[in-house]
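Participant: Below, each chain spelled out in residue letters.
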Amino acid sequence: MTAALEASQLGKRYGQRWALRDCSLRVPAGSIVGLVGANGAGKSTLLHLAVGLLAPTSGTITVLGAKPAAGAHQLARVGFVAQDAPLYPGLRVAEHLRLGRRLNPGWDAHAATARIQRLGLDPRQRAGHLSGGQRAQLALTLAVAKRPELLLLDEPVASLDPLARREFLQRLMETVVDQHLTVVLSSHLLADVERVCDHLIVLAAGEVVLAGEVEELLAAHRVISGPARDPRRLPADQQVIQASHTDRQTTLLVRTTRPILDPAWTVSDVGLEELVLAYMSRSTPSLQSGDPGAVLHDAAEVRP
Amino acid sequence: MIEFRLDARSGVAPYQQLVQQVRQALRLGLLQEGDQLPTVKDVVARLAINPNTVLKAYRELEREGLAAGRPGLGTFVTRTLADASLTAHGPLRKDLTRWLAKARQAGLDDDSIEALFQDTFRASHRQGVA
Chain X
1 MTAALEASQL GKRYGQRWAL RDCSLRVPAG SIVGLVGANG AGKSTLLHLA VGLLAPTSGT
61 ITVLGAKPAA GAHQLARVGF VAQDAPLYPG LRVAEHLRLG RRLNPGWDAH AATARIQRLG
121 LDPRQRAGHL SGGQRAQLAL TLAVAKRPEL LLLDEPVASL DPLARREFLQ RLMETVVDQH
181 LTVVLSSHLL ADVERVCDHL IVLAAGEVVL AGEVEELLAA HRVISGPARD PRRLPADQQV
241 IQASHTDRQT TLLVRTTRPI LDPAWTVSDV GLEELVLAYM SRSTPSLQSG DPGAVLHDAA
301 EVRP
Chain C
1 MIEFRLDARS GVAPYQQLVQ QVRQALRLGL LQEGDQLPTV KDVVARLAIN PNTVLKAYRE
61 LEREGLAAGR PGLGTFVTRT LADASLTAHG PLRKDLTRWL AKARQAGLDD DSIEALFQDT
121 FRASHRQGVA
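Protein chains in written order, with the numbering used here: chain X, 1 to 304; chain C, 1 to 130.
Isolated chain X, as found in the complex (with noise of 0.2 Å):
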């Protein structure tokens, strides 16, 4: 399958700091990816980056085929929509759509008119006076009605009330199915995540900690459990990603693509969020080691 984005040990610099490193993926075409991560690892960084907003300061960055924002052509093949879904408080519902018809070639009028009549918003009401999830609505409708291949949703629904939050969920899948669009949204809502989402970015500190299908990477993985035990003994194929301890019991979610024989251990299988919670608490050794200098030096090392 074709990739709708392509990064290769992508990395953006802030100053000293680095807000996303050494960050290589690959999203199939056609997939709806959850972006995940605590505040500041670098979601809207990769974001900005595949919308062309930001410049890499390392790396490449490949948006269906090409760099991002090359030109009108591509700019009309990605739709973005960015945090808190900015919109122009001081225009009115109607104002927007015609702004988004002088603004992009591929305008879809006819749908946007459409879209904003199921959804009950008034044309002459002013952004402003809308409450959040008829904002994030609007957004969505601006973003899709320049009928994109690629749709990046910055936190989307954040804000929203959980019936605000079903509600736009309902109304992107509902697009997905007519338009085939590939769709990459961040999100702390790991339940969301879970129902909407066939592919998983987890960014921890500005690097790609776990990445893939979600149905390959839940199967990848097992929750054991038995008699306390040292983990380092276990055999080699099983890589432990988080461990607990007790004094008599030992549980560890492990990494393997192998049955888990041992009969001391109790096998379950692990839940999304389980998942990335584990590999979001689970830090690089560059940062453990809580020095900032020695994070700077690890990527000069990496990239001279």
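For the record, the hints were derived by calculation from the structure and aren't laboratory data.
Possibly wrong hints are sitting among the right ones.
Computed Cβ-Cβ distance ranges for the label pairs, DEER-style [said to hold, decoys possible]:
1. T78/C - Q74/X: 43 to 53 Å
2. G212/X - E62/C: 18 to 28 Å
3. R59/C - Q179/X: 20 to 30 Å
4. T266/X - A103/C: 52 to 62 Å
5. T97/C - S159/X: 21 to 31 Å
Okay, derived cross-link-like pairs now, SDA-like style, lysine to any residue, Cα gap no bigger than 25 Å in a straight line [stated by the list, open to error]:
6. K56/C - E167/X
7. K41/C - E213/X
8. K41/C - T257/X
9. K41/C - R118/X
10. K41/C - Y15/C
11. K56/C - W107/X
12. K56/C - T257/X
13. K41/C - Q117/X
14. K41/C - W107/X
15. K56/C - T2/X
16. K41/C - L163/X
17. K41/C - L121/X
18. K41/C - T113/X
19. K56/C - L217/X
20. K41/C - A191/X
21. K56/C - R26/X
22. K41/C - Q170/X
23. K41/C - Q179/X
24. K56/C - T113/X
25. K56/C - E215/X
26. K41/C - L73/C
27. K67/X - L150/X
28. K56/C - A211/X
29. K56/C - K67/X
30. K56/C - E194/X
Bear in mind the structure is a predicted one, so any value in this text is a computation, not a measurement.
Where a beta carbon is used, it is the ideal one built from N, C-alpha and C, also for glycine.
Given chain X, put chain C in place with the hints provided.
Facilitator: Frame of chain X; chain C shown alone:
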């Protein structure tokens, strides 16, 4: 037409939940041969789930010979799981309702009722009664 639900905390994969709900509807006679299953767009617009989840469920049903896709039209039920025993459902359901009322009268809560049922169900399996 059936309407799907999704229980996020069941621990059962979402596509499996959809498959199970179709099977159950077939067993209870709620879905019959020739009935159309909801379109992928209908399901995702209602449940806010990934379209591939629905496609996967429908592929599984096709693999089991329970449904078939007709290009441009949708997915249709090709076989029913309800058999002659369906006529017995009514009286059995009545018995079961009566039994449930008795259990509640005796002070059992929902969890205890389910535990008792599951346990008896398994025990009767072991004895070869069922």
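Participant: Work down the list of hints and note, for each, if the structure agrees.
Facilitator: A quick look at each hint next to the structure:
| no. | hint | in the structure |
| --- | --- | --- |
| 1 | T78/C - Q74/X: 43 to 53 Å | holds (46 Å) |
| 2 | G212/X - E62/C: 18 to 28 Å | holds (27 Å) |
| 3 | R59/C - Q179/X: 20 to 30 Å | holds (22 Å) |
| 4 | T266/X - A103/C: 52 to 62 Å | violated (32 Å) |
| 5 | T97/C - S159/X: 21 to 31 Å | violated (47 Å) |
| 6 | K56/C - E167/X | holds (23 Å) |
| 7 | K41/C - E213/X | holds (22 Å) |
| 8 | K41/C - T257/X | violated (34 Å) |
| 9 | K41/C - R118/X | holds (16 Å) |
| 10 | K41/C - Y15/C | holds (15 Å) |
| 11 | K56/C - W107/X | violated (33 Å) |
| 12 | K56/C - T257/X | holds (23 Å) |
| 13 | K41/C - Q117/X | holds (19 Å) |
| 14 | K41/C - W107/X | holds (23 Å) |
| 15 | K56/C - T2/X | holds (21 Å) |
| 16 | K41/C - L163/X | holds (20 Å) |
| 17 | K41/C - L121/X | holds (22 Å) |
| 18 | K41/C - T113/X | holds (20 Å) |
| 19 | K56/C - L217/X | holds (17 Å) |
| 20 | K41/C - A191/X | holds (21 Å) |
| 21 | K56/C - R26/X | holds (23 Å) |
| 22 | K41/C - Q170/X | holds (10 Å) |
| 23 | K41/C - Q179/X | holds (11 Å) |
| 24 | K56/C - T113/X | violated (33 Å) |
| 25 | K56/C - E215/X | holds (12 Å) |
| 26 | K41/C - L73/C | holds (13 Å) |
| 27 | K67/X - L150/X | holds (14 Å) |
| 28 | K56/C - A211/X | holds (22 Å) |
| 29 | K56/C - K67/X | violated (34 Å) |
| 30 | K56/C - E194/X | holds (16 Å) |
In summary, the numbered hints that this structure violates are 4, 5, 8, 11, 24, 29.
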